Structures are given as C-alpha cells and as structure tokens.
Amino acid sequence: MDKSRQVIVMYLITHLGLIFFLYPVDIISALSVGHWSAVLLGFMLHIALVAVYTKGLSYGAPQNVVDLFQGVGKAFAFVALLPLAVYFIVVIIITTRAYAEIATVIFLSDTPISTIMLLFLAVSTAISLTGIEAIFRTGMLIAILFFPFLLLVIVLSFQNADWHYMLPLMDRKTASLSFVYHPSFLKSLFAFVGGFLFLGFIPPDVPYRRGKIVKVSFALLPFFLISVYVPLMTFGENTSSRFPFPFIMAVDTVDISWLMFDRVTMFFMISLLCFVILFLSLVMWNTMLLLKRGFPAFRTKSAVLVLAGLVFVVCLLVPSWNTLEKMLWWNTLLRFYAALVIPLLTLAIGMRQRRKGAVRP
Amino acid sequence: MNLLECLKSRQELDSDLFLTPMRLSDRTVTLAGYTSLIDMPQTMIVLRQLAQNDVASDHPLFALDSGLGVAMQNPDEQALLDAIAEGDLLIFSDEADRCIRIVPVSRTLSRAIESPTTENVLRGAISAFNEDLDTNIGLVKKHSLSEKLRIRSYMLGKNQRRRSVLLHMEGQNHDRLLESISNKLESLPDKDIPDLQALSELLGFSKWSLISRFNTTELPQEAASALESGKVVLLLDRFPFAVVLPSLLSDLFVTQNDRNFPTVFRVSFQILRILGLLANVLLPGLYVALVAVNPEVLRIEIALSIAGSREGVPYPALVETLLLLVIIELTLESAIRLPKTIGPTMTMVGGIILGQAVVDAKLVSNILIIILAATTIANFTIIGFQNATALRLYKYLLLVLSAMFGVLGLFVGMVIICAYLGHVSTFGIPYLTRWKTGGRHG
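In the order they appear, the protein sequences are chains A and B. With our numbering, you'll find the first sequence wraps up at 362, consecutive numbering, no jumps. With our numbering, you'll find the second sequence wraps up at 443, consecutive numbering, no jumps.
To be clear, the hints were calculated from the coordinates, so they are not data collected in a lab. Take the hints with a grain of salt, since some may be wrong.
The calculated DSBU-like cross-link candidates involving lysine-lysine, where the alpha carbons are at most 35 Å apart (straight line), are [to be verified]: (1) Lys56(A) / Lys327(A); (2) Lys142(B) / Lys208(B); (3) Lys213(A) / Lys56(A); (4) Lys302(A) / Lys208(B); (5) Lys357(A) / Lys75(A); (6) Lys302(A) / Lys192(B); (7) Lys302(A) / Lys75(A); (8) Lys208(B) / Lys341(B); (9) Lys56(A) / Lys357(A); (10) Lys56(A) / Lys75(A); (11) Lys185(B) / Lys302(A); (12) Lys302(A) / Lys213(A); (13) Lys75(A) / Lys216(A); (14) Lys4(A) / Lys149(B); (15) Lys4(A) / Lys208(B); (16) Lys174(A) / Lys216(A); (17) Lys4(A) / Lys357(A); (18) Lys293(A) / Lys185(B); (19) Lys4(A) / Lys185(B); (20) Lys149(B) / Lys185(B); (21) Lys341(B) / Lys142(B); (22) Lys56(A) / Lys293(A); (23) Lys9(B) / Lys192(B); (24) Lys293(A) / Lys208(B).
All values reported here derive from a predicted model rather than from experimental measurement.
All chains should be built: construct the whole structure from the sequences, respecting the hints.
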C-alpha cells in the first residue's frame with residue numbers, strides 16, 4: 002500500500018512546526034529590504050537538496066540511507082553517519098529547550114521550564130518508541146485535527162496587514178546577495194534542514210513515491226513567505242525587527258469580535274508546538290535508528306530512555322536564550338554537513354549502486 | 002451393557018439425567034438424555050413415528066442405515082456424556098450393546114427474536130441477535146444472501162465447551178487477517194472463553210489495551226454489512242452479540258443504518274458524532290485550562306462571568322470538575338444497575354443534584370454544570386456502548402494535563418491520544434486504517 006500521503010503530511014507538518022517561531026526573526030534581522038529574496042534563496046536551496054536527496058534515495062530504493070552507506074563499507078558508514086547522529090541529538094536539545102522557552106515566554110509564565118521540557122521529551126520519547134509507521138499515522142490524525150484551525154488563523158493574520166510595507170522590493174545591498182554570509186541567514190536555514198532528512202530513514206516496508214515529495218515541497222513556499230511578511234506588513238520593518246517572535250506578535254494583534262477567545266494566537270502556537278513534538282519524536286526515532294545500526298549492542302527501549310534523560314540534563318544546563326542562540330550558531334557546521342554532504346553522498350552512492358545494478362542485473 | 006451401567010452411576014450424581022425404558026417396534030430400548038434440554042413427550046411421538054416407518058420398510062432398528070439418527074461406534078463414557086451435554090438423545094438397545102444418537106425435539110431455552118436492547122435503530126431492520134447460535138447464524142445469512150459467505154465452526158474450551166462460528170466473505174478479506182484469527186482459534190482449542198476479555202486474550206491482545214480490538218453489535222444488519230466490507234465476524238454460543246474484527250476508528254462514527262438516510266444527512270450525522278467525540282474529550286479539560294491556568298485566552302467579558310460564577314467555590318477548578326465528573330459517572334453506573342421501575346428516581350435525584358442545588362450550595366460553578374452536561378450528552382453520540390465507555394477514560398488524562406500545563410497540556414494530551422490510536426493495530430491492521438475493501442467506509 003502506498004504511504005505517500007502519510008509521508009507527505011509528516012514532511013509538511015514538521016516544516017510548519019519549525020517555520021513560524023524562529024525563522025521570521027532570523028530573516029528579518031538578516032536584511033532590511035527585499036526579504037523575499039532571502040526566503041526564496043533558502044527555499045531554492047531546500048528544494049535542490051530535497052531533490053538531490055530523494056533522487057539518490059530512489060536510485061538506491063528500497064534501501065534507506067543507512068543501508069546505502071553500509072553497502073559501501075561499515076567503517077565508511079560509521080564515519081559518515083556519526084556526525085549526523087550528533088547533529089540529530091543537538092537538534093533535539095535545541096528544539097526542546099527553545100520551544101519550552103517559547104512556551105514559558107508566551108503563555109505559561111508561572112510554570113517552571115524544566116517541567117515543560119520534561120513534558121515535551123516524555124511525550125516525544127513515548128511516540129518515538131511506537132515506531133515510524135505509528136508516527137506517520139499519528140501525524141496524519143493530528144494534521145486532520147489541527148490543520149484547518151491553523152489555516153484559519155493564518156488567513157486571519159492578514160487582518161492588520163498594510164500591503165505598502167512590502168515595498169521596496171529590492172535594493173542594492175539585497176541584489177548583491179551580501180546577506181548570504183550574515184549569521185542570521187545561516188541560522189535561518191535551521192527551518193529548512195532538519196525536516197527532510199527523515200525521508201532517508203523510512204524503512205522499505207513503508208513505500209512512498211519520492212518524486213512527489215519535491216512537488217509537494219512547493220506548497221511550503223507560501224508559508225515561509227507569510228511567516229516573514231505578515232509581521233512586516235503589520236508592524237513595518239523597523240518595529241518587527243525588535244520582536245523576539247514577530248509572527249506571533251502579528252497574530253496577537255488580530256481581533257475577532259465573533260469569537261469567544263481573545264488570544265487566537267495561543268491555539269495557533271500550541272498546534273505548532275504539537276507539530277514540533279512530532280518532529281522531535283521523528284528525530285529521536287532517526288537517532289535511535291542510527292545508534293542501533295552503529296552500535297548493535299543497544300537495546301532500543303533503554304537506549305531511548307537514556308538518550309531522553311541525557312537530552313533533558315543538557316537542556317537543564319542551558320542557562321539562557323543567548324546560550325541557545327550560540328548553540329544554534331555552533332550547530333551550523335554540523336547542519337551544513339547534514340544538509341549538504343549527506344544528500345550529495347546519498348546521490349553519489351545511489352548512482353553507483355544503480356550502475357552496478359545495471360552491469361549485474 | 003456396561004455403558005448403561007456407567008450412565009446409571011452417573012445418574013446418582015446428576016439428577017437431571019433420565020434413563021427411560023421404552024418399547025420401539027417390538028424391542029425394549031432405553032432412552033438417555035437431559036430432562037432440562039429435551040422435550041420428552043414430543044420426542045417420544047416422533048420416535049414412535051420413525052420406528053413405525055422403519056418396520057414398514059423392513060429395516061432392523063439398530064442397523065447402520067436405519068435412518069434413525071447416527072449409530073455410535075464403540076463409544077466410551079466421555080463421548081456419551083458429551084453427546085448428552087450437547088442436548089442429544091441416546092437410544093440403547095437392551096439386547097446388544099449398541100447405541101444410537103439422535104437429535105430430539107428440544108425445549109425452547111432461548112428468547113424469541115426481539116428488538117435490540119443496547120442499540121437503537123430508527124430506520125432499518127430491527128431484529129437483534131439472541132443467545133442461540135444457530136438463530137444468529139440464520140439471521141446473518143438472511144441479511145447477506147450470498148453464495149460467497151463462508152462459515153467455519155470451532156469448539157472452544159476444556160471445562161466449558163463453547164461453540165463459536167467464524168463468518169467471512171470469500172474473496173473480500175485481507176487474507177492475513179483471516180489467517181491470523183483462524184490460526185489463533187485453532188492453536189488454543191483448550192482455552193475456556195467465559196467472557197469477551199478471555200476471547201481478547203485468546204486472540205492475543207494486550208490486557209491493558211484501552212481500545213477494544215473488536216467491535217460488538219447486536220444487529221444482524223451491521224454484522225452483514227461488516228462481512229460485506231471484508232471484515233470477519235465471530236459468533237459465540239450464548240452471546241447475543243456478533244464480534245466484528247478488526248475494530249477501526251471509523252466504527253465510532255459510521256454505521257450501516259445511516260445509509261438509509263440521504264447522503265447529506267448521513268454525512269452530517271457523522272460530523273456530528275466527530276464533534277461529539279471532540280466535545281466529550283476536550284470540554285472538561287478546556288474548562289480547567291481556561292479557568293485555572295490560561296484565563297487570558299478568553300474574551301474579558303466571558304472570563305469575568307466565569308470568575309463571577311465561581312465566586313465562593315472554595316477549591317481549585319480541577320477538584321471542582323473531578324467532583325462533578327465522579328458524580329456523573331456514578332449516576333451512569335447506577336442507571337445500568339437499577340431496575341427499570343426505579344430508573345426515574347435516579348433521573349430525578351440526579352437532576353436535582355446536578356441541577357440548581359449544587360450551584361446554590363456554592364459547591365461548583367454554573368458553567369461547569371453546563372459543560373459537564375454537554376460532555377455527558379456528547380459521550381453517547383458515539384456508536385456502540387463499549388466505544389462510549391472507552392472514551393470516558395480519555396478526558397481524565399486531558400483534565401490532569403490541562404490542570405498542569407493549561408491549553409498546552411490539553412493539546413499535548415490530544416497528541417498523546419492520537420499517538421495511542423496511531424500505535425494500536427489489530428492483526429497488522431492499524432486502528433486508523435481507512436477501510437477500503439468494498440469501498441464502503443472511508
């Protein structure tokens with residue numbers, strides 16, 4: 002049975018969860034005019050990488066990344082995938098810590114941050130233990146439940162938009178693409194990279210059409226643009242660059258007289274947080290798969306618990322948002338490895354495999 | 002002759018067992034059986050008739066092809082007892098040690114076919130299953146007149162023998178499902194099945210599962226449509242429900258009976274049930290989250306009116322909600338136990354407690370009463386009592402999480418429930434599958 006739909010939904014919701022919180026602030030601080038070019042550039046990069054990655058995977062189908070890499074050599078696979086595992090673990094730490102912080106800042110000011118982190122980690126660990134197919138099904142159900150709501154809030158978020166703020170579309174600085182080296186821009190790639198690597202870990206008994214993923218990726222572009230442009234159009238560039246979470250602030254300004262709720266934002270954010278929890282469980286599942294293949298001695302259940310405990314302790318040790326930002330920045334190197342090297346290697350190995358298969362059918 | 006001796010010694014232990022001498026076509030025979038299962042006068046008339054026919058056609062009474070029941074070849078004591086226990090009549094010849102087993106006229110020990118007691122049908126067939134297995138099979142057959150219907154019979158249990166029948170439609174099934182179920186039934190024939198939980202264990206489901214892995218229905222119509230769509234139906238003797246495997250999420254919302262209404266209504270009924278489920282699970286948690294943790298989400302007017310209605314309530318919202326929820330659960334539980342004649346008393350007393358009095362006494366707030374009433378009503382929009390019961394549990398999880406984390410806890414609780422539903426599968430068929438065979442559900 003074709004599971005493309007589940008994979009696509011998972012792909013979309015993990016990205017949606019990552020877009021609306023940290024992405025707009027990075028883009029808005031990376032450049033002052035013509036933000037669309039930064040969004041588009043990142044997006045093109047994203048599409049290109051996804052295309053390369055899925056192409057490589059479809060050459061090597063039905064094997065997943067780990068099988069492909071191990072086909073070249075055990076040692077090679079270990080060396081090539083270890084940084085990926087580290088990257089995943091760091092992503093879990095950063096995501097848990099960051100979103101717990103966001104939750105306390107925005108709506109749970111009295112709750113200690115550690116309990117929120119514990120909640121996130123416990124739930125995502127439990128979900129990751131149920132296995133990838135169950136994760137996909139859960140994603141489907143959650144998407145059906147929460148997505149209409151999300152769309153509604155996104156449509157409503159245009160309530161206070163002033164379309165003149167979109168101008169000017171371009172200036173000399175933007176045209177020269179000098180923002181590419183801006184740390185904020187590089188950090189913004191966080192939203193693009195983490196989400197698609199799971200495609201390579203899906204076991205062969207979950208068949209899906211790899212070509213569809215690239216096509217569906219284009220559906221994400223409006224969301225990237227909206228997340229940046231809604232705050233820009235609501236507050237203007239100057240004001241919105243001062244907010245820690247510009248999109249959330251923009252949605253907070255929405256006032257709907259026919260609704261019994263004052264802060265629609267909260268439901269919006271919480272649906273996104275739920276997507277993030279799914280993302281966390283997915284990454285955790287990926288990490289476990291990597292660790293299990295690298296160190297066959299691990300027993301999944303206890304290893305996941307140890308991993309979750311470790312992540313929790315590290316999260317507790319992160320003292321402030323600034324440290325987190327620094328961690329996000331340090332992680333850039335690993336991120337580039339995960340985002341660039343892994344897809345390219347996959348393509349190379351996949352092509353090699355196909356050639357071999359063509360010679361000896 | 003020693004077989005008869007055996008039965009005679011048995012008679013001393015079991016007074017229900019009769020051993021009656023009788024003359025049949027000039028021979029003395031002994032009849033053996035259970036008084037409580039066999040309608041003796043009627044049976045005797047039939048026997049005489051049969052014996053006369055035999056004599057007329059010049060057959061010896063105990064010949065193999067006498068046409069008078071099945072001759073038992075060298076039976077041992079256990080075989081005889083089993084035959085009697087199944088309600089058959091044994092005829093022993095007094096000369097030779099021979100024995101014939103025949104199906105007598107049995108006493109009526111089942112109720113007639115009646116209308117269902119736990120499911121209501123507004124438009125559609127109203128006959129329901131009863132305790133007699135053969136009647137039930139007949140009902141299903143009447144409802145799905147198809148040559149593709151296949152029936153496999155099993156005898157389960159060691160101390161308590163119980164007949165059970167597996168029905169399925171040829172060519173419609175997921176082969177793996179059918180195979181796994183029949184394998185399970187064949188591999189453990191000695192396991193007693195006094196109740197559904199034992200059946201669930203026999204089929205290899207976890208004891209702690211929060212979702213029943215099979216759906217039960219009282220309506221032959223539903224069973225037939227389940228068969229039609231490729232599910233497997235299991236009928237147990239003395240159990241007036243059909244067990245439908247696998248159970249799916251859609252079983253909570255979709256019933257065959259809906260198809261007797263125009264499509265628009267059918268779809269709106271289903272949407273209504275989904276809303277009912279969400280309201281039932283979410284409302285108490287939402288109340289606690291909004292009152293206790295995140296009041297700023299509400300419009301200021303509503304927030305003030307809720308705060309006003311809680312004025313004088315001395316404990317936190319969680320305790321308040323739990324208190325009233327427990328009372329409602331108690332009401333539900335006692336309503337099941339009570340005889341029908343005392344039922345209205347319960348309604349009245351419950352109405353008073355859950356109505357004005359508890360508010361006037363400043364024990365809970367007005368709004369909570371509304372919310373809990375809505376929750377309870379919404380609970381029973383779900384199809385099937387067993388499903389509604391399972392749902393009652395989830396709201397407590399959400400309640401506790403909401404009290405701790407507010408709206409975030411509520412939503413995370415939803416994620417947990419979704420993950421649980423996503424995780425459950427029956428014989429490799431996930432609970433969240435859209436059932437496609439036959440194209441009926443989905």
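Structure-based check of each hint:
no.: 1; hint: Lys56(A) / Lys327(A); in the structure: 34 Å, holds
no.: 2; hint: Lys142(B) / Lys208(B); in the structure: 33 Å, holds
no.: 3; hint: Lys213(A) / Lys56(A); in the structure: 11 Å, holds
no.: 4; hint: Lys302(A) / Lys208(B); in the structure: 21 Å, holds
no.: 5; hint: Lys357(A) / Lys75(A); in the structure: 19 Å, holds
no.: 6; hint: Lys302(A) / Lys192(B); in the structure: 32 Å, holds
no.: 7; hint: Lys302(A) / Lys75(A); in the structure: 24 Å, holds
no.: 8; hint: Lys208(B) / Lys341(B); in the structure: 33 Å, holds
no.: 9; hint: Lys56(A) / Lys357(A); in the structure: 17 Å, holds
no.: 10; hint: Lys56(A) / Lys75(A); in the structure: 23 Å, holds
no.: 11; hint: Lys185(B) / Lys302(A); in the structure: 28 Å, holds
no.: 12; hint: Lys302(A) / Lys213(A); in the structure: 33 Å, holds
no.: 13; hint: Lys75(A) / Lys216(A); in the structure: 34 Å, holds
no.: 14; hint: Lys4(A) / Lys149(B); in the structure: 31 Å, holds
no.: 15; hint: Lys4(A) / Lys208(B); in the structure: 30 Å, holds
no.: 16; hint: Lys174(A) / Lys216(A); in the structure: 32 Å, holds
no.: 17; hint: Lys4(A) / Lys357(A); in the structure: 28 Å, holds
no.: 18; hint: Lys293(A) / Lys185(B); in the structure: 33 Å, holds
no.: 19; hint: Lys4(A) / Lys185(B); in the structure: 29 Å, holds
no.: 20; hint: Lys149(B) / Lys185(B); in the structure: 23 Å, holds
no.: 21; hint: Lys341(B) / Lys142(B); in the structure: 34 Å, holds
no.: 22; hint: Lys56(A) / Lys293(A); in the structure: 26 Å, holds
no.: 23; hint: Lys9(B) / Lys192(B); in the structure: 31 Å, holds
no.: 24; hint: Lys293(A) / Lys208(B); in the structure: 30 Å, holds
Checked against the numbered hints above, the structure violates none of them.
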